[in-house]
Every structure is written in C-alpha cells, then in structure tokens.
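Asks: Keeping their order, the protein sequence lines are chains A, B and C.
Take full-length UniProt numbering: the last position of the first sequence gets the number 400, and nothing is skipped along the way.
Take full-length UniProt numbering: the last position of the second sequence gets the number 295, and nothing is skipped along the way.
Take full-length UniProt numbering: the last position of the third sequence gets the number 308, and nothing is skipped along the way.
Hint data in this document are derived by calculation from the structure and do not stem from the laboratory.
Do not rely on the hints blindly, as some may be mistaken.
Stated by the list, open to error - Stretch-level coverage of chain A by chain B, calculated; a stretch enters the list once three of its residues show a Cβ under 8 Å from a Cβ in chain B: (1) 200-208; (2) 215-227; (3) 233-241.
As the list claims (entries may be wrong) - Computed from the model, here is a short list of chain C residues facing chain B with C-beta under 8 Å: (4) I103; (5) L110; (6) Q122; (7) M280; (8) I285; (9) R292.
Stated by the list, open to error - The calculated BS3-like cross-link candidates involving lysine-lysine, where the alpha carbons are at most 25 Å apart (straight line), are: (10) C/K95 with B/K286; (11) C/K99 with B/K286; (12) A/K137 with A/K188; (13) A/K121 with A/K321; (14) C/K180 with C/K99; (15) B/K41 with C/K99; (16) A/K121 with A/K69; (17) A/K30 with A/K121; (18) B/K41 with B/K286.
Please read these numbers as outputs of a predicted model, since none were measured by experiment.
All C-beta atoms in this analysis are idealised placements derived from N, C-alpha and C, irrespective of residue type, glycine included.
Here's the letter readout for the chains.
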Amino acid sequence: MKLMTKTLLSAAMAVALTSTAAHASLSDDKVKIGVLADMGGVYADICGKGCVTAVEMAVEDFGGTVLGKPIEIVSADDQNKPDVGSAIVRKWIENEQVDVITGLVASSVTGAVTQVTTDAKKIALIAASASNAFTTKQCSPYNAHWTYNVVALANGTVKPIVQSGKKKWFFITADYAFGHALEGIATKVIESEGGEVVGAVRAPLGTTDFSSYILQAQASGAEVVGLANAGADFVNSLKTAAEFGLTEMMDVAGLLVFTPNAQALDPAIAGGMLTTTGFYWDRDEESREWSARFKARHGAIPAMPHAGAYSATMHYLNAVKAAGTDESDAVMKIMKSTKPDDFFAKNATLRADGRMVHDMYLVKITKASERKSADDIFAIQSVIPGDQAFAPMLPECDFK
Amino acid sequence: MAEFLGINLFGLFGQLLVGLINGSFYALLSLGLAIIFGLLKIINFAQGAIYMLGAFLAYLALQYLGISYWAALIVVPLVVGLLGILMERFLIRPIANEDHLYSLLLTFGVALVLQGLFTHLFGSSGMSYPIPEAFSGGIKLPFMYLPNYRAWIVVASLVVCVGTWWMIEKTKLGAYLRAGTENPALMQAFGINVPLMVTLTFGFGVALAGFAGVMAAPVYSVSPDMGSNLLIVVFAIVVIGGMGSIGGAIITGLGMGIVEGLTKYFYPEASNTVIFLVMVIVLLIKPAGLFGKEA
Amino acid sequence: MKISKLSIVLLGVALVAPFVMYPVLLMKILCFALFASAFNLLLGFVGLLSFGHAIFLGTGGYVTGYLVMNSGLSPLLGILAGTAAAAALGAVYGKLSVKREGIYFAMVTLALAQLMFFVFLQAPFTGGENGLQGIPRGFLFGFIDLSDNLNMYYFVLAIFLFGFWVINRTIHSPFGQVLKAIRENEPRATSLGYNVNDYKWAAFVISAALSGLAGSTKTLVFQLASLTDVHWHMSGEVVLMTLVGGMGTIFGPLVGAAAIVGLQNFLSGGELGNYVHIIMGLIFIVCVLAFRSGIVGEIQKIVKRNFS
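Next up, chain A with everything else stripped away, as it sits in the complex (with noise of 0.2 Å):
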C-alpha cells in the first residue's frame, strides 16, 4: 500500500512540476496570501476583519496582479487559539496553495503559525502580535515581524516614566506568555533605569473582575501601576482602577493600547495617559490620506495592525515582482535587501532576523477637552528612531 502510494504520488508531482516549468515562475500560476486573523474575539478591533480590508486594498493599490498572474486573498478566524490557527495555515499551505500568511494577532497562534511556515518554508507577514520571540527565542528566515514588539513598548513607554522620577512600580499582567513576556522587559528597562518593581500579580486572560488586583496595586505603595495586558482585559482594568479610586492615588501607564481601545474608554478615564504606538492615523498627509481610505471601507479608524498589514502586503509584492518569483527564499532576500517605504513604514529596514525596525511614537492619550473629533484619541509627543525601540539583533538569528 505504501510503495502504491509514493508511486502515485511521485507520479502526480512528475506532472505538475512539468506543466508549471512551461509557465512563469510563480508556482501555481498565482501569488495567494493568507489572511489568519481573530474575527470575533477580544482583539477582533484589533486585527480581525479590517486586516483582511487592509490587505484587500494592498492588493488593490498594487494592481491586483503581480508578474502578469492573478492576486488571491483568502481568510480565517483563528479564534485565539493555537490549534486552530495552525489546524488552518497547515491547511491552506498543503491543501490550498497559499504562498504567504499575514494578519497573526495573539502570539500563541503566531508561536504555533509559524512553526508550520518555517517548516513549509512560507513567508508570515506577522502584523498584530506582540511578543518578540518570533526574531529572538523562535526565530526564523522566513519569519518578518512587522509592526511592534513588548521591546518597543518597554522601551518607549516605561524608560520616560522612570526617567521622569517615578521609580516604584507594581504590574497587572495578563498569565500568559505576553503578559509574562511584557513584564518581563518592562522591569529589566525599570531597574535599569534605577527603579523597582514592587510587586506583580497576574490576571488570568478574560478575567470578568478585576477589583482584587486593584485592591493590591493600591496596596503596593507603588508610584506607577503598569498594565501589562491589552485588548478587552485592559479597557477592564482601566475602568476598575478609575471606580476604586486608583487613578486618582498614582498613575497608571497602559503599556499596549490600540486605538480601539482607547475609543471604548471614557476620556475621563483614559486622557493623559502615556503609551506607545507603531502607528497613528493623524500623523501626516499621508497617513490622513490613507487612514480616509480605510475608514471609508472599515467604518473605523486604523489601529497600528491594519495599517502593518497594509505595509507588510506590500513590501511583499513589491519583493515579488522584483524576484520575479514567488520562491520564498529568493522574496525574502529582496524583501531584507530593499527598504521599506510608504505612509507606515518610517526610516525602515526589514532586518535579517526578520525584525522590522521603524519609527515608533510616544503618545498621550487626549482628554475630552482636547479632542476636536471622536476620531482624535492619540497627540504624538516624541517619535521613538527605530534603533532606540528595537533590542539588537541576536547573532544567531542573523539569517543573510
């Protein structure tokens, strides 16, 4: 049975790979991208259907071909979880032709995700997630983390805390590998900085009630209190801390805010507050212009992965065309050869780990007082060069 099943197999790859060397290069007669994203969960604002809008318009704006041959958009919810997400990407690459994998949202799925891309030597578009293993722990060469990363966040939310004198800190932290992960960085960046950290506790994912965790930062005697979660569970804690009164006994530095977020938020809750972005709508010309054009589409201003995924789409057909195929190993190369450039990406490199190193933005959160529309959330305090976010390549992800 088996020896029958290698000769039928031998026997129908024979006849593709002659019928696809008479065509162009691009296998199958077309560039496919994978759109995995979470649909209708906690961080469906974040990255779930407006990713895939944001890669329809990439395609869009690219022309809608690449090298003469047709441009297919085909998505997934994942669910946040990273069964599912990899039970899909493991099907569309086998079974589907899918050539690239973007969107990835929660980092589980994109921990799971790209093990399957990088042993099915497919590019990941990583749009939305947070944690830096994908160019450190887990890196790959086929792996290009695109918008932000914990380190960024760290790095450019809690350093300018600390450096402004407020030294004791105590963290929320979403119990999973994010949260642990942001934690983390954010208190080797604290104690660098001459701070402390005076105690942590961790909040499972989802949590209904947070009241007890407040009770215990305000207990802490710390100067700051960091959330280290984001989506629904920090708009949760947010509002807990406002009604027990914490906001008013010490600040509270959100360390990963998307735009949708802080629109759910009262300003009265939420204004002032310092946090960092890979992106804002309003920064520039080309930026308004763009963001006009997705909200028209989406019904809601761009958060930092719609805009990412965006970036990323196109960089990678821009590779492609240049590559003149879509063999993976021949578009990264262009993809890590050529610089980045458009209304996201800001004196950019796509490094050779895979990290995508960019300007990234200090922001406060406005107050009611200052918003002149219900679309004007952020005010842009400093922008953050990208070799200040970013952490170093490690050498042994040093893929040339």
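We have chain A already, so just place chains B and C on it with the hints.
Replies: Here is chains B and C on its own, set in the frame of chain A:
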C-alpha cells in the same frame, strides 16, 4: 499599616469585601439554579447564558430605547422570565419524563445558541454600561475605598435572596410549591394546577439570572461569554451547598465569594480553580453537599 | 467477533479516502471518532455521563508531546506513555467518581477535570496559553517518515482500528455484558453478587486510556498540544458527537465525530464561521427533542421496522 503574621490586614479586609461582592452574584445565580433543580429536578445549563442575556438586554434597552438602569432592573427580569416560561413550555416539558441528563444536554444546547448568537451580533470584545448616576462615587473605609455601586450590589442581592428564601420556605405559596413537587398527583387532586406552577417556577428561577445580569452590567464588561465560565463555577456552588437546598445555595454562594477573595490575595492564579477544589473535597466528605439531604 | 460486510466496506473507504480528501482532516476525524467511541463506552454502555472527559484526551496529548519533544521518545513510545498517563489519571479519578450517580457523577467529573485544567494552565512544562508547539512527528520504527501526511494517515488509521477493536472486544466480552446489566438494572446486578463499583471503575479506566490514546495521536498529527483539548467545552463537544451519532451503538460515535468535525471544517472556511456555536447548539436541541437515539440509532430503528 496594620500587619498580622506578615499579612497586611487592611489588604486582606479589602479582599474579603470584594469577595463578598462577587459572592453576591454567585448567591443570586446559584439561588436560581437551586430553585429550578430543587422543585423541578432539572439542571439548567443555560443559566449562565441567561445571565449574559440579562446584561445585554439592559445594555440594548439603554442604548436604543433609553430605558434607565432602574427600569431595566424591573423590566429585564420580566422579559427574561417570560422567555424562561416559553423555554419550559416548548423545550423542557416534552422531555420531562426522560432521563434528567437530557434536560442538561438540552439546556447546554440553548446556552450555545444564545452565546453564539450574541457573539455573531456584537462580537466578543464587550460593551460598557455606565454606572447609574445615583451610585457614582464611593465610601472611604479605613482599609479601602468602596464604590457605592459595589455596596448596592451586596444590599440588593441580599434582599432578593432572603426574600426568595422566605417566600419559598415560610409562605403558603411556597408550601404549595414544595408539596407540588413532592406529590404532584395529590396537589392536582386538591385543585392546584401543578404544570402551571412548574412553568412559573422555572420562569422565576431564570428571571433571577436576568436580574443578576442587569446588576452586573455596570461593573463587568457586557460580553457574550461573560456567563460561560461563571456557569460552571455557579454549578459547583450549587453542588457544594447541596443540590436543591435554597438556603444552602445562598450561604455557599456568599461563602465561596469570600474563599475566592482569599485565594486572590494569597495565590491569584488559582482563583478560578479553588471552588472546584472545595467541591471535590466536600463531595468526598459529605456527598449530598453541605446543606443537602442524602437522597 | 464476526466481521460484517459493513466493516469491510468501511475499511475499504478508509484506505482510499486520503487520495480523495485532505489527509489531515481525515486524521482529525479518526482521532475524534476514537475519542467519542471511548466516551461512548462509558455513556452508552454503562450509563455514566462524564462531563470532564476532555481531560484524558488532553493529558495524553500533553504527555506525549512533552516526551517526544524533550526526551526524544519515538512516536510509538510517546503515544504509549501518553495513553498510560491518561489511564493512570483515569484510575484515580474513576476511584473518586464512580460511587456517585447521574448528575452528581457528571458534576464530580467536571470538577476533577477543572482541577487538572488548572495544572495544565500553570505547570511550567505545558507552555500555558501557548501550549506545546512544534512537536516533531518523527519516524515510525525508526525509518517511516511520519512528516509525510500519507504515512501519518495510515499510522493513525492503524491506531484507530486498534482502539476500536479494543472497545468492541470490551463490549462483547462477559465483562461488557455485566456493564450492560448494570446500566439496565443496577440493584439487580448488585444482588447477583457483582461489585458494581469495581466494574464501573474498570470501564472508566479503559475509557480514559483510549481517550488518552486519541489525544496522544492527535497531538502528533497537529504537532501541538493546547488548552483547547483540556477545556470543558471539549468535554461538551464529545457528548454532542456521541449524541448525534447515537449513544450505545458501535458506529454511532464514529458517524457523530465525522459529522461534527466535518461541519466545523465546512463552517470554519467561509462566511459562516460565526455560526459554529449556534448550529452546534441547535443540533443539541434537535437531537434531544427529536432524535435521542442519534443518526445510527434512528437508522437501526428503521432497519428493524422494515426488515424484521
């Protein structure tokens, strides 16, 4: 700061109070389950989804109809109770004579449908419901700042729980109810409409969950899965208290809130699990639960 | 045991299926068919509804994944170890729960499963929310490359057939007859001198072990062990599969697993992704109200009515 054996007492008091607040929700929800189980022998796995429905109805009523929190506190339980009555009449009664495990599976299905429907309509990132004006601000206690609304939660749920207990255990109506489940044929012979009584009881048990949902809306994020994990916790509470014991459900609900609060102080990661540990221990020592009678 | 014509036809279908359908999907169906069959041994043949059975699936998966990844165990030994771990956990949990009946049994198994869920969430070796990722499939007997989907498929099919055979042997053995007697009339079984709890316990352990076997195999197929496999929702899903297929029938869980996994696969691809829970819930309701004997049970009824 007051310290005792290296424990920050003020911090501990705060956690106990917060535990009591959460316990109030547990008490309300487990009370509803216990009434339904005690009188009908039905396991209502949809109770968590109905709690979620209550919170969503309050949110939608405010958002689209301008119905205030106070009105929602009355209207939403009525609407939810009505849905419960329909559910009993058309879904549960047809299988009343089958194995009780079937009603558990059926209500589990109802829970999946409700949760899926709301996820589809509203996504799961959660809606926020403002704290009613009358309860903004808070009281400064020596050991913590207690928001007024949280204090209201404890008061309101205690009133509802004690009132319900009194009605079932001490009034004539309650006596009919208890008798009707012990010996339906006899009660029927006395001219009491037992099926109607069963339907209304189910509706009432479900309405309690709707009421808890409205109470929860201003403090917890209103989201489709808010009831899903709460449900199995509340189940554990009913089992610990002794299935069907109404007083047991109330006391255990409050007690488990406090146990959970303590766990959040000493070992927060285990706060979602401690109740199951208590349940296993209680069932090994006293199989009928703390307040239950051995069947 | 007599091998029926139906079995031969099904086996033939299973052998050629990977040339027609995506092998990974087929492997998933086989793993869940084994899991549901193991669960059915308890629900359908002893009458015990365990509401925490996912914990055995997941325990098998985590143990296999960890050992294959970190101790370099071969796939076969890894699966054996995972199965043994699930059996051991089943032995302990069975001892604690079989004394209870009906709803209490369901609640105790749920609570025990939640305790273990916590261990898998917090223990340092499970990777928390990440799960265990990138578990190698390895080489069977040292030379058959399992990273090839077809090789893997026949390996999974062999495991499934073995598990299915064990369940069939159990049901048709004298031991299985006693189990049925317990389900039908427990007091009578007791009065005949059988130690009912020991029989229930043995059935519980077999069911847990085979659930672990399914989980271990699934982990190798997907190269991943995650919290999904130990969550109580998974325990609900296996009840649904068994109910849809027909509890207490031999082929019911198989049909149920194929139907539910196929449905999930169909829905996950398209616009209907959001409807998965709604549709599964509706299936639960309809099954309980109208088709309590499930697909296979209903077919059996029709066959009986018309041909006997």
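Asks: Compare the structure with each hint and give your call.
Replies: Going down the list of hints, with the structure as the test:
Closer than 8 Å: that is the beta-carbon criterion, and the stretch 200-208 of chain A has 6 residues meeting it against chain B, so the requirement of 3 holds. Taking a C-beta to C-beta cut-off of 8 Å, the stretch 215-227 of chain A contributes 4 residues in contact with chain B, enough for the three needed, and the coverage statement holds. Counting residues of the stretch 233-241 of chain A whose CB falls under 8 Å from any CB of chain B gives 4; the rule of at least 3 is met. Satisfaction of the interface hint for C/I103 is found here, the shortest Cβ-Cβ separation to chain B being roughly 6 Å, below the 8 Å cut-off.
This hint holds: C/L110 has a C-beta 7 Å from the nearest C-beta of chain B, less than the 8 Å allowed. A hinted interface residue such as C/Q122 counts as satisfied when its beta carbon comes closer than 8 Å to some beta carbon of chain B; here the least separation is about 6 Å, so the hint holds. Because the smallest distance between the Cβ of C/M280 and any Cβ of chain B comes to about 6 Å, under 8 Å, the interface hint for this residue holds. A hinted interface residue such as C/I285 counts as satisfied when its beta carbon comes closer than 8 Å to some beta carbon of chain B; here the least separation is about 4 Å, so the hint holds.
For C/R292, the interface hint holds, since its Cβ comes within 8 Å of a Cβ in chain B; the closest pair sits about 7 Å apart. In summary, the hint linking C/K95 to B/K286 is supported, as the alpha carbons are separated by about 16 Å, within the 25 Å threshold. Of the supplied pair hints, the one linking C/K99 and B/K286 holds, its CA atoms being roughly 13 Å apart against a limit of 25 Å. Note on A/K137 and A/K188: the hinted pairing holds, with a Cα-Cα distance of about 18 Å set against a maximum of 25 Å.
For the proposed pair A/K121 and A/K321, the alpha carbon gap of about 19 Å is at most 25 Å, so the pair holds. With a C-alpha separation of about 17 Å, the suggested pairing of C/K180 with C/K99 holds against the 25 Å cut-off. Annotation: proposed proximity of B/K41 to C/K99 holds, straight-line Cα distance about 20 Å (limit 25 Å). Only pairs whose Cα atoms come within 25 Å are accepted, and A/K121 paired with A/K69 is accepted, the gap being roughly 22 Å.
Between A/K30 and A/K121, the direct Cα distance comes to roughly 17 Å. Compliance with the 25 Å bound is thereby established for this hinted pair. Only pairs whose Cα atoms come within 25 Å are accepted, and B/K41 paired with B/K286 is accepted, the gap being roughly 20 Å.
When held up to the earlier numbered hints, the structure conflicts with none and fits them all.
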